[in-house]
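Protein chains in written order, with the working numbering: chain A, 877 to 1435; chain B, 2 to 94; chain C, 13 to 221.
Keep in mind that the hints were calculated from the coordinates and are not lab data. We put the beta carbon where it would ideally sit given N, CA and C, even for glycine. Do not take every clue at face value.
Claimed, not checked - Below are the DMTMM-like pairs computed for lysine to aspartate or glutamate, each with C-alpha atoms no more than 25 Å apart in a straight line:
id: 1; chain 1: B; residue 1: K40; chain 2: C; residue 2: E68
id: 2; chain 1: B; residue 1: K64; chain 2: C; residue 2: E28
id: 3; chain 1: C; residue 1: K184; chain 2: B; residue 2: E5
id: 4; chain 1: C; residue 1: K145; chain 2: C; residue 2: D133
id: 5; chain 1: B; residue 1: K64; chain 2: C; residue 2: E189
id: 6; chain 1: B; residue 1: K64; chain 2: C; residue 2: E68
id: 7; chain 1: C; residue 1: K126; chain 2: C; residue 2: E185
id: 8; chain 1: B; residue 1: K3; chain 2: C; residue 2: E73
id: 9; chain 1: B; residue 1: K40; chain 2: C; residue 2: E102
id: 10; chain 1: B; residue 1: K64; chain 2: C; residue 2: E185
id: 11; chain 1: B; residue 1: K3; chain 2: C; residue 2: D186
id: 12; chain 1: C; residue 1: K126; chain 2: C; residue 2: E68
Unchecked claim - Computed beta-carbon distance windows for the label pairs:
id: 13; chain 1: C; residue 1: A81; chain 2: B; residue 2: R7; range: 21 to 31 Å
id: 14; chain 1: A; residue 1: G910; chain 2: B; residue 2: L15; range: 21 to 31 Å
id: 15; chain 1: A; residue 1: F1317; chain 2: C; residue 2: L20; range: 46 to 56 Å
id: 16; chain 1: B; residue 1: L15; chain 2: A; residue 2: L909; range: 39 to 49 Å
id: 17; chain 1: A; residue 1: G910; chain 2: C; residue 2: L110; range: 27 to 37 Å
id: 18; chain 1: C; residue 1: E135; chain 2: A; residue 2: N953; range: 37 to 47 Å
id: 19; chain 1: A; residue 1: G1244; chain 2: B; residue 2: F88; range: 56 to 66 Å
id: 20; chain 1: A; residue 1: W1077; chain 2: C; residue 2: T26; range: 15 to 25 Å
id: 21; chain 1: C; residue 1: L20; chain 2: A; residue 2: G910; range: 17 to 27 Å
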Amino acid sequence: MTVAQPPHETTLLGRDLGEESYLTDGTTLMSWLGTTDHKRIAILYAVGITFFFFLGGAAATLIRLELISPAGRMLTNDEYNRTFTLHGIIMVWFFLVPSIPTTMGNFVLPMCIGAREVAFPRINLFSWYLFVVGGLLTFFALLFGGVDTGWTFYTPFSTNYSNSNVLLAAAGIFVTGFSSIATGINFITTIHMLRAKGMTWMRLPLFAWAMYAVSLVMVLATPVLAITLLLVFVERAFGLPIFDPRFGGDPILFQHLFWFYSHPAVYIMVLPAMGVVSEVIACEARRRVFGYEFMVYAMLMIAVVGFMVWGHHMFVSGESQFANLVFSFLSFVIAVPSAIKVFNWTGTLYRGQIRFSAPMLYALGFVGLFTIGGLTGLFLASVPLDIDLTDTYFVVAHFHYIMVGGSVSAFFAGLHFWWPKITGRLYPERFAQFAAITMFFGFNFTFFPQFILGIEGMPRRYHLYPQQFQALNVTSSLGAVVLAFAYLFPLFYLAWSLFRGERAPNNPWDATGLEWQTRSPPPTRNFDFDPDVRAAPYGYHPEHNAPHEVSQTHEPQTP
Amino acid sequence: MKPETRRRVILAPLATWAGLMVLLAVTALYAYLPSAPIKPEVSLAIGIAKALLIALFFMQLRKNASLIRLASMAGLVWASFLFMLTFADLLTR
Amino acid sequence: MTQPPAILNEPWRTPERQQVAMQFGIWLFLATEALFFGGLFLFYAVSRFTDSAGFEIGAREADIWFGTANTAVLMTSSLTMAIGERATKEGLVPLARLMVMATLALGATFLVVKGFEYRSDIEKHLVPGPAFKYAIRGAAQFWAFYWTATVVHAIHLTVGLGIVSRLLFISKEDLPERWTTAIGTALYWHLVDIVWVILYPLLYLVGRP
């Protein structure tokens, strides 16, 4: 017999009174805008990057619409230039680079190492304000007048000839770069100095290692972007001859400086994704990660060697043959650690008891799509092939497979995986599985034809193209419709879950990480106890026992 | 103040400063010596020596934990990647 | 030597950990500055390498007296900052505050001297553009570097003046407990000095006599 419960008061998000968490700790606007709680800062960032994701996505929609017709009916040449420039700048600097580190990194990293806060909480808040200011400046530059140089700002076009808001955009990105640097310094110090008792380096979850590696890259690469943008700024604004060949300057020097940052930047965009995928695959396959040490070394090797391959973006720019050789060789070398990681994720799945939950579907999508993107990178690393394929749609497909098929899939994997922890709500699993599968199909439909277009010779950044390329372009645009749906749909069911979703238990996935041993959503101080780590991570099944011999027991990383 | 404190607070920095001033004089004079060899290299080397004095003594890198010393070298090591590979291109064109 | 008591920031529980964390964080930041100026120095190296004759002709116009005087001033300000930092940790508040004020004065002197130097450079037509003094390849590049590097350095120095002056706003009673702040401030100020000490030979000792 059930006893009728009197209706009781709830606060926003249907929280029961008396149930405290970081969400209830202060409900005014100022308690959010002035917070030093890493979890709240993560949410502040999440709002920002979501906005920028859909802004960049709107530009992508415009591009795919335009490319349905070979004659370029909707946009003029100039408008098209401004559209793909907006898409590139927003997606790279205001979505992909911050996405996982500032949201999941900020939220989960301190918790998964057993800390109560990051090392420099006020700098953390300051980094968000830098992101907002830089974002606003760039937003105005791109939407009111636009920039037509492409996200790569090549000189001398950007410095001497472009009639667009290069200065304002450069200033905005410059400011945002410092947000990256601040986050990186914070994370590195946090991991070095605030690990819980017993949390040795080789017991860190791979997500923590990924945050460490990405922070190293952010800290060491971003300053070079800053000086590069500053040099473009002073040349364009004050006429100081830096890259201008008429005064002895070298436009290729710009490319060296730009790509010294921008190649490691792609590792900034992929290392966090790899960290997320390791967490999700281990949990949803109920297996320890195969080759944990090699996974760590692989990420560190990617972070370091990633700084030595930038010239592969310049094979046809006028680099010497010797430099081409060196960069090509090192680009092949850097494929090795990535391949090790793909093998190890596969090895983790072997003899696992796989749950095809939404996070797992997204993570598996990452592994497949990242592999295709990575393999096509090897084609491009080979100089003779690159001469043919450079600046074609093959390159476009290659990096979208990694950035979108890879990193965005992983972002959605992590978003769904940690959603119960962050919000205290469960999202509707069937809808999410549907979105994940739709994304996989939509993505391939959009971008696989672009590999073929590239091989057949269609150049990138063109909206006028020969008739023979239309069929594949239309296919790609149709795929984009499906992909757009797959991105928009989660907005709805995730928002719905905030108000009507089932309450999440502490550990809905039965995961081993420290963040799962505390409440969902967590208290402000993260833990109600002092974490004391006694075991390696991913203890999903006891050693020496195949999964079918034991029940679903596991060893969490706390007593 | 105690002599030990005076040494730590005033005299040690003063000695470093004196070293810096001497190096400044040396580098300026060397630059103007009519037929002195490898001037650019020497002047840069003296500049680096001054920077090391500041880093090791003023900034107390000598006394610091090895973690901090590692952090201090990271920037220079990474900047060297930038220089070496860019010049690998420039010198072989 | 035991650490003096300190005001602790979240999340640090002991002054030792806070000090190590703060130094570590600031050295990481200084590493970013090394890469920032490293990119700028790469421009210098490439320009000097590719058009060395013109580069040297342009560089000879840099005024050795202004440059050397400013180097002496800035190195002395590093001395006063170093003493000020150590005095703060020892609790010698009057000496610390005197040294901080001396650092600010010397830093401001640097900017004033720089102002006079800029005026002299402008009068000598050393700003690249239509009125530039030389038409040789490389000369304008040196001066592009000069203006960019010295202005960027001056901005760092001005920011440094702001950071250093923060120490004066801490009351005399509180100052001894804020010695970690003093260390961080000093580290930044010494970076400004290090950058200048490397810039000096690059700007003022080229192509002499």
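Index of numbered hints that the structure contradicts, given in increasing order: Failing hints, ascending: 6, 7, 8, 9, 10, 14, 19.
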